[in-house]
Amino acid sequence: MSADTKYAKNLALINKAIACEPVERIPLAYAASAFSALYMGVPLSQYAVKMGLQTDVSLAAMKKLGGFDAQNAPSSGAPFDVVLASLWLSKVQLPGRELPENTVWQVLEKESMTVADYDYIIEKGWPKFQNKMFAKVMNSPWDFKKFIIKTILRTPFTNRRFKKDGVVVLAGAIGTYPFEPLCGGRSMHNFFMDLYRMPDKVEAVMDVMLPHMIKGLIMGGKGSKGLGVWVGGWRSASSLLAPKLWDRFVFPYMKKMVEAVTDAGLIAILHLDQDWTRDLARLKELPAKKCLLNTDGMTDLREAKKLLDGHMAILGDVPSSLFSHGTPQQITDYVRDLINDVGPTGLILCPGCDAPFNTKFENMEAFVAAAREFGNV
Amino acid sequence: MGNSIEQTVGDLQEQETLDAVKAQLAQGADPLEILQTCQKGLDIVGQKYTDGIYYISDLMLAGEIFKQVSAILIPKLGSQSATTKGKVVIGTVKGDIHDIGKDLVVNMVTAAGYEVTDLGVDVPTERFVEALKETGATVVGLSGLLTLAFDAMKETVQGLKDAGLRDQVKVMIGGGMISEDICNYTGADGWGNNTQQAVNFCKEWIK
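From first to last, the protein sequence lines are chains A and B. Last residue of the first sequence: number 602 in my numbering, and the count goes up by one each step with no gaps. Last residue of the second sequence: number 209 in my numbering, and the count goes up by one each step with no gaps.
Source of the hints: derived by calculation from the structure; they are not laboratory data. No incorrect hints appear here.
Result set (DSSO-like, lysine-lysine): computed pairs, CA atoms no more than 30 Å apart in a straight line:
| hint | chain 1 | residue 1 | chain 2 | residue 2 |
| --- | --- | --- | --- | --- |
| 1 | A | K469 | B | K42 |
| 2 | A | K509 | B | K50 |
| 3 | A | K357 | A | K426 |
Residues from chain B that face chain A, not an exhaustive set, calculated with beta carbons under 10 Å:
| hint | residue |
| --- | --- |
| 4 | G65 |
| 5 | E66 |
| 6 | I99 |
| 7 | L106 |
| 8 | F152 |
| 9 | M179 |
| 10 | Y187 |
| 11 | N196 |
Glycine residues also receive a C-beta, built at the ideal position from the N, C-alpha and C atoms.
Whenever a hint applies, use it, and build me the whole structure from the sequences.
What follows is the structure in structure tokens.
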């Protein structure tokens, strides 16, 4: 089978899954950045910063594992500290630099913006503030403009390489709504207190930020030629926030962003870490069959299936702890049960979030084997 | 003293609580008694969390209210001191630099009346052992967000055994990805992925 034919078949399969239509087999997606490097014997200090190497390593790992239908969100090619700093507005520590070799990169969750910065954003706009903050949190010789230009130039090339292997790129660009960078910049404790103490000000800031964030995400997504974009949430999870805060500061912004990207012809991949079970019913307000619920093992997917069946497909969700400390049999059981309970329609199998760097090789191999064994419908 | 402060803490009314504390002090109320009333308010908060009425953000606000109340009252205690219910050592284990979850637990366990030694992040086993010996604490909390923390937690528990402390110290582990399996793997006595669980363990283990 030629690469083009394989890609076309995989794309059709993925599209059926997203549309919650019957499939001949359950599609299998990959999400294992740091694992890929270690699986292929590449030091994480190199993998984290070398443009091009991330794509090489991911493709090689996918091939060694026997092939996948899709890649969740390939690395943009920019160093990981640059990418994560743009999402978190926080400094990032890297292996081989601040951290020991072959350990995973980590966000330093410290306050990097003040309450006065809210007024700066309202007065001078989000892009100007983003430039200022980027310079403050970056440890690499990158500025925001360089990051955007390099990313925009690189991602179509990266995604073409996946396509040449017949692999569908789900999220060609990654983004989030205003809550997350503000939470990263202020630090979680300070930001949560801001939500209680100065809600009107935070809301005004978010209203200024959202149009820019939507525009940037759509531009990145369209330019990448991927199927969709990530709309990510982690500290804005239902389990962390009082309903009155979630209803005001999370969902309205998520909804507007999702509606805008789907109107632009992109699939919205709701990359939701932590537990979102409380608010799953609200996801029915998002456009039907144009989103993927991409969870990390903490949200109750049985409940999601009950509430969202036929409306939104699921992308997930073998938990990180199972990959790192479970056994192949536990992985096999998890995948089988997931397919039985949540599939076969509206499901794309994938590691939850991103399989961790210390995933046991035999566990990732068991994941692929289980998907093949139980995924045929 | 009425129950108004207990209720305002329980209802997460920050300004009302601070105003009431200041007003009661001005009227000559005993600062220790006010502090204890606030702790009862925190019990209401904990119960509401357990009942699914409050969420993590609410626990954070409760901890913040209590911190401010303590800042007002503790300097006024003079020769009196708030009775410590027990001593607890808490830290994020070696290799993990995340402190948000750990800080939350430190705040809430402190607010619940325990004396907490906060060892910070990326804490090696030896430091936990030293701190337990120095303080005589009978509970240790090991925090970690990443999967790399699981091995560090296991090593720390082993370190406590090697140091001859394991029989005297209860170990709780916490973090977003912790589960019963991980608890068994590390050899800890209990696990949780919320701050209230840590408070509950302290209440259960320190009599």
